[in-house]
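Trainee: What follows is each chain in one-letter form.
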Amino acid sequence: MNNRTKDNFIAWALLSPALVVLTAFGLFPILYAFYVSLHSWRIKRDAFIGFKHYLQAIGDPLNLLAFGVAVLGLFLIARFRRNLSSGSSILVKKWSFFLYIPAIWLLLAYGLLGLIETGDYRLYNGFRVTIFYALGTIPFQLSTALFLAYLLFNSLRGKGAFRILFFLPYVTPAIATAVVFRSIFSSHPLSFANGFLELLGLEGERWLSESHSIVTLALTRLGFSDLPLWLDTAFPSLALVSVIFYNIWVYVGYDIVILLAGLSAIPNHYFEAAKIDGANSWQLFRHVTLPLVSPTLFFLSMVAVIGTFKAFNHIYILKNPGAKDSVDVISVVIFEQIFEFHNAGYASAMAMVLFIAIIFLTFIQNRLLGKRVFYGT
Amino acid sequence: MEREYSRLTRKILLYFGLVVGAASAMFPFLWMTLSSFMTRGETIRRAFIPENIQLANYVEAWHEANFGLYFENSVIVAVIQVIGTLTLSLLAAYPLARMEFRGRDTIFAIILATLMIPETVTMVPNFLTVTWLHRNTPILWLNSWPSLTIPFLTSAFSIFLLRQFLRGIPNDLWEAARIDGAGHLRFLFRIVLPLCRPPLLTVGMFTFIGSWNSLAWPLLVTNSSEWRPISVGLQQFVSEAGAEIHLQMAGAVIATIPVLFVYFLIQKEFTEGISMSGLKG
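Same order as they appear, the protein sequences are chains A and B. Residues in the first sequence are numbered from 1 upward in steps of one, following my numbering. Residues in the second sequence are numbered from 1001 upward in steps of one, following my numbering.
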């Protein structure tokens, strides 16, 4: 054996144990899930039923087609408008904006609403809750973390100690801390969250057991009654907001640690140059720190989006019968299909839909946010 | 003088912000610990500080609520996962980082792609796979340790993290080792391994936390208390015995202690390792 073949052999020998595990439990499941989803499958494989599960989950294929065409249309219009840039008149540029209207109308009226009407309520409710969850978590989590990381970055003493304290919620088992939050945000009139409201002179709330949306609750407090039901669909429930509090509490520490590393990587002479030019501390933050830390923020937002789609443990523990399905994110919906209904075929179809949605979302996020990130020179 | 004054105010505001942040981060821990020492009556009227410290809560949680057994199960499962992940991931990361062979970049790209797949997607097919293995191999998978550990003996993330670290090891070391007649294996075990302490600690800690925390998978593959980990134990206890908050909190403290203990031991390396994962490389 010459040296090259020997090295080749060693390389594959070292890789193989890990590859066996990753292939069997990381890659194979994707193919297998697809195979299972095409069958009626409870505990054992039953009849082949083609794409029936997908139709049941997603809805009418015509609506799906409308949705796809609309997305493609939006993409093409955006491209068309970008290519217009130099030569054409301002008027064309302005008016071409209205091309978006039919595309968006097609997307919403025929695509989305049609799909929701013909598809599985649980699946779409799962997506709705997951989107609220992501939108409610990520901006607040990142801005709180950036604020604290910036303070920490500027502090001279106690940096290490504060970093340990901020990081603790992230390392502590979610099972344990979720149990604590369950008790803090319980609907009990004496719970800590209600005690806090009482301090502010407000009435108690049902927190994790409240399926009504925060907007409905706020308007009721202001004296409105007979509120329309869609207010509960269009806004997150108080139960979900309580879950969001928990999520922010856990992940702020992780974001701080990563942001601190990002901040420390900024060369000091940028700050000094800006100070010499007479920048005040807000300008320093807005025009020097923020652009230079934007790649880190982008990374964290990607991690957070994937994290909200994975979120299961704490939600399953914080979930309460009173909240009905208002905190059932997509992973909870899929888990219950297999755990409670033992419907492996249908659960697999839902999992495949989720998988495609995640790929789609990552792609969109990369295109929309990736461009705004400043990577320096 | 005025400048001096405004600097002081800024400093006070800065530390005020940090202290408020740290207090909110710590509050649930304080609540958990205090409640775990209370009597049932105290938790019902939501006292803040227990009058007498009830150590008996822990004895009761450990024996009667079975947390002792669950704790032991979790420790066994976590130890197997950590040892397996460290070994398999380091062995796989080495050729990916420091050897030339055909298909290396493809393999690495595939490993990175699996990072994107959430557990929710793989959970159902993996459950079917494990059920199949349980029926068709002589090993008992369900309700036993293999199903809780074998699928998690390595992870794409840990291979990725270790590979990034290994790439940073100066090539001079390898040249020197080769001149002394060492091959890749000798180099890996004699030179690289001792250098890998920080990333191995990070990967080990991540694996430990992940294992200790996992809930959906153990709920699927265990249905008796024999191999039930503490996460499932706590979840079931909470959903079944709703009102026993003092025991819930004692259980939560029991579930927290080992993780915090390990974290404080390797806190410095772990935070540094995590910071590293966020930088471009």
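What the hints contain is simulated information worked out from the structure, not anything from laboratory work. From the three backbone atoms N, C-alpha and C, an ideal C-beta is built for every residue, glycine too. Some hints could be false.
Unchecked claim - Chain A is faced by these chain B residues, among others (derived, beta-carbon under 8 Å):
hint, residue
1, Ala1022
2, Trp1031
3, Leu1091
4, Val1121
5, Val1124
6, His1134
7, Arg1135
8, Thr1137
9, Pro1138
10, Trp1212
11, Ala1216
12, Gln1236
13, Ala1255
14, Ile1266
Stated by the list, open to error - Derived pair list, reagent style SDA-like, types lysine to any residue, alpha-carbon separation capped at 20 Å:
hint, chain 1, residue 1, chain 2, residue 2
15, A, Lys310, B, Ile1209
16, A, Lys159, B, Ile1209
17, A, Lys159, B, Met1026
18, A, Lys159, A, Leu227
Unchecked claim - Which chain A residues stay away from chain B? Per the calculated CB distances, all over 12 Å, these:
hint, residue
19, Asp7
20, Tyr121
21, Leu152
Trainee: Hint by hint, note whether the structure agrees.
Mentor: How the hints compare with the structure:
1. Because the smallest distance between the Cβ of Ala1022/B and any Cβ of chain A comes to about 4 Å, under 8 Å, the interface hint for this residue holds.
2. Hint status for Trp1031/B relative to chain A: holds, with the closest Cβ pair at about 6 Å, below 8 Å.
3. A cut of 8 Å between beta carbons decides the hint on Leu1091/B: the least distance to chain A is about 4 Å, and the hint holds.
4. Taking 8 Å as the C-beta cut-off, the interface hint given for Val1121/B holds, the closest approach to chain A being about 4 Å.
5. Given the 8 Å rule on beta carbons, the hint for Val1124/B holds: about 5 Å separates it from the nearest Cβ of chain A.
6. Annotation: interface hint on His1134/B violated; nearest CB of chain A at approximately 12 Å, more than 8 Å.
7. Here the hint on Arg1135/B is broken, as its CB sits about 10 Å from the closest CB of chain A, past 8 Å.
8. For Thr1137/B, the shortest C-beta to C-beta distance to chain A is roughly 13 Å, which exceeds 8 Å, and the interface hint is violated.
9. Nearest Cβ of chain A to the Cβ of Pro1138/B: about 18 Å, over the 8 Å cut. The hint is violated.
10. Interface hint status for Trp1212/B: upheld, as the beta-carbon distance to the closest one in chain A is roughly 5 Å, under 8 Å.
11. Annotation: interface hint on Ala1216/B holds; nearest CB of chain A at approximately 5 Å, less than 8 Å.
12. Given the 8 Å rule on beta carbons, the hint for Gln1236/B is violated: about 11 Å separates it from the nearest Cβ of chain A.
13. Restraint check, Ala1255/B versus chain A: the minimum CB separation of about 4 Å is within 8 Å; hint holds.
14. Residue-level restraint check for Ile1266/B is violated (minimum Cβ-Cβ distance to chain A is 11 Å; threshold 8 Å).
15. For the given pair, Lys310/A sits about 16 Å from Ile1209/B by alpha-carbon distance, which is consistent with the 20 Å threshold.
16. Straight-line distance between C-alpha atoms of Lys159/A and Ile1209/B comes to about 24 Å, which puts the hinted pair past the 20 Å bound.
17. Restraint check for Lys159/A and Met1026/B: satisfied, since their Cα atoms lie roughly 16 Å apart, inside the 20 Å limit.
18. Annotation: proposed proximity of Lys159/A to Leu227/A is violated, straight-line Cα distance about 49 Å (limit 20 Å).
19. A cut-off of 12 Å between C-beta atoms contradicts the statement that Asp7/A is not in contact with chain B; the least separation is 6 Å.
20. Chain B leaves Tyr121/A outside its interface by the beta-carbon criterion, the shortest separation being 19 Å against a cut-off of 12 Å.
21. The claim that Leu152/A is not at the interface with chain B is violated, since a C-beta of that chain comes within 12 Å of its own (minimum 7 Å).
The structure shown violates the earlier hints numbered 6, 7, 8, 9, 12, 14, 16, 18, 19 and 21.
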